[in-house]
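*Asks:* What follows is the residue order along each chain.
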Amino acid sequence: MTSDDITPHEVWEQAVAAYAIGATDPADRQAFEEHLASCARCRQALAEFRRLEAALGLSADATAVELPPSLKAKTLARATAQPQVPLPGAGTPATAMPRSQRDERPASREPASSPSRRSAWPWLAAAACALVAVGLGWHTVALQGELGALRAQVAEATDRAAALSQELTRVRDEVTRLSRDDRILRAPDLVTVNLRGRTSAAAATGRAFVSPGSGLVFRADSLPALAPGRVYQLWVIPSRPGAAPVSAGILTRDVGDTYVLAGGLPASLGTVKTVAVTEEPAPAGSPGPTTAILLVGSLGE
Amino acid sequence: LAPQDLTDLSAESDRQLVLSVAAGSSDALGRLYDRHARMVFALARRILNRLEDAEEVVQDVFSQVWREAARYQTSRATVAGWIVMLARTRAIDRLRSRQARPDQVLALDPAAAPPLLSGDISPEEITISVEDVREVRQALTALPESQRALVELAYYEGLTHSEIAERTGVPLGTVKTRLRTALARLKEVLTS
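Residue numbers (the numbering used here), protein chains in the order written: chain R, 1 to 301; chain C, 1001 to 1192.
The following block holds chain C by itself, in its conformation from the complex (with noise of 0.2 Å):
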């Protein structure tokens, strides 16, 4: 066995484990919630407020990783990177749900929230290094307040441009204008 291969082997410890999760391995499922639950948990958390939602969220998420294992084989995000998708997508309807707004439950249809890492459309692996991570958590923080205030709203609540505008009274273009110049900043703190 070549060292390269065993670096390989690393690096695909998490798809090997999703692998093994897609084989109906109870195990594998209890070893990616050990590595991903608390990032679900807290994400769910900082979207729902409430612990009792964020716990269903966590259950939620790796009940459909259980699920759907054998379909992210075909995905190209790494799989931290799909389970936080999950965890932003359940979150964010069980947010909806609850604030049970009829006019919003159309929000709901899976349409409405793109698979945005299902990964179909991008010839490139998503990869998102703990870096990555730092320096965008710094770089929102760096934000000026009347911008993420709208990257808070339309990520944390999944809120569009349209109901931007409605729920904080900002003239609709200027809700366009100032989510782009906020994302833009923060994607530039990436790692190309």
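Excised from the complex, chain R in its bound form (with noise of 0.2 Å):
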């Protein structure tokens, strides 16, 4: 197995199998991975194993089996503590923070159900300030040499309170925002149109995730660059005749060539048929379209 030209195909037709459940030896798999690049046939057939794997994996016996009920706790209270990947579609002008930040940040990632208990904390900050101040006050005659530390550590905890204070508002605006999303994703007029690119954005795609009760949520992704002084604008058109497209907001750059809003929409708009992205003067868009649809996409598409 060392190269196409002296290795008859059905060799990798044999291969196939083995690889899709990960048992192909080191060197026989990086070989067949080369061959994988180059032959369609053979990416096909591993498709059609990997159901097999996935089917394997799902066929294990689930009746058989009692979940200790205090598994699920001690599960998501595990797994929310942990910085999460970001997601590509969150995040607005006025509640986004850098990424970096937030992940060094485990801590705000506490189930968002639970903001009463992170209020708390800087509570207990100060608390843990005037603490310190106390036991200033009965040590500093005695205890010259442990003044120091001791101012240290009301520093400490006086910068502690303050970033703890910084957070919380941070954390809020997060929950407000992701409970906004979340209820918008969960409406029960929610509808999902997905777009397509045209003309110099043809590379482009979106999705938009529509109800019209509670609001919207929208990606784009592949989108060319803007020019100076241009934004994209989304629209949305009802679906009652003649209906004039409407502003849903200027969509925010997110990383490299996607872009994301997030929102609600206007009382009256009613069921929506079509989504549309086009290109507008830079800070507002304008009232209505004013250049040829970029991207667009219909409901039932």
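Rather than coming from a laboratory, the hints here were simulated on the basis of the structure. Heads up, a few of these hints could be off.
As a list, the in silico EDC-like pairs of lysine to aspartate or glutamate whose alpha-carbon atoms are at most 16 Å apart [stated by the list, open to error]:
#, chain 1, residue 1, chain 2, residue 2
1, R, Lys74, C, Asp1027
2, R, Lys72, C, Asp1093
3, R, Lys72, C, Glu1056
4, R, Lys72, C, Glu1157
5, R, Lys74, C, Glu1055
This structure is a prediction, so every number in the text was calculated from the model and none was measured.
Build the complex from these two chains, which are given one at a time in their own frames, with help from the hints.
*Replies:* What follows is the structure, given as structure tokens:
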């Protein structure tokens, strides 16, 4: 198994099954992967064996198992204490903070359902300051040597209280935003509209989750770079006949060529038929589309 | 809202949950747990044969779902397929570290266990029906013992051809042939 030239294709076909479940030895695996990169037939065969791989996993007898009742709480607590890979569709200008900062603070990823617990932190920190300060009073005279250390502790505790308070504000903002996105994504009237690119944005794709009652979550990928002074504006077109496009807002650049938007919709909008993106003047866009549609999709397409 | 959209929604509800998890909803993670934890637990127990290890795998898997939910969106596997792949990988990792054989530590390298369901290669979506799972289970039971044992060593213990040959004393060429025959037989029962 060294080269396509000297290896009949049947040998590769025979290698697919073992590769799909990870049983191929390292040297064979490398040769097979090189072949796979250039062989659509083997990729197709692999896809079929991957279904088998998953079906084998699902066939472990789940009916006979009893999950320990305490496991769910333990699992959720451990999982949600960890930082998440950032969601490409998340983040609005008002509440977004640098990802790096957020990732450094795993404590901020506590369950969104416990804001009351979180609000106790600044009080605890303040209490800690008070205790340190009282300790300071008692020991100043007799224990001069400890004074410097205690001062440092007070300063540290004060800094920490300030940092916690700042973080509380950020977390509150984030909870507000996440619960809004969550509410939209769970709305009973939610529909999904897939958008395709056109003309200069032919490679672009987009997806809108639209709930006329709760709002909209939108994401587009592979949009071309904007000229200075221009923005991408999102439009929704209601399904009633003759309805004009209504602005849903300006897209925010997330990372690379990905743009996102999440927010409310005018209450009188009614059901949405079409979602589209055009390029408009910065910063606020236009009252109605003024350039050719770059990305468009309708319900049921 | 057309009826068709409602169908789309129920078919996508697992995906919506993953999307909510990616947006930071622990509630959505809880609902994914309710749907899939038994399957993870069952597979992990099958692989590790020890309850406390299986519980650890459940926690590992849902931690990974929480961390990487945002990445899942570009994947083409069903959510159940994704989770079962995570479960198998984590359980086999744990099995191998338990066995703590230095010559197998290399196998913990992610490259050694390719992300089988990551979906970048296949243009098709991986979908598995309840019937598929039942049929595969039956077909596995119906295999000749000599073949089934090899499938189980490869699938549930994550052993490669050579490792199976070493473990069982069956010649390498025979291992390859038997495993291939068995897997081809199992694949036949999947609905196309």
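*Asks:* State the violated hints by number, sorted upward, taking the hints as numbered earlier in the document.
*Replies:* Failing hints, ascending: 2, 4.
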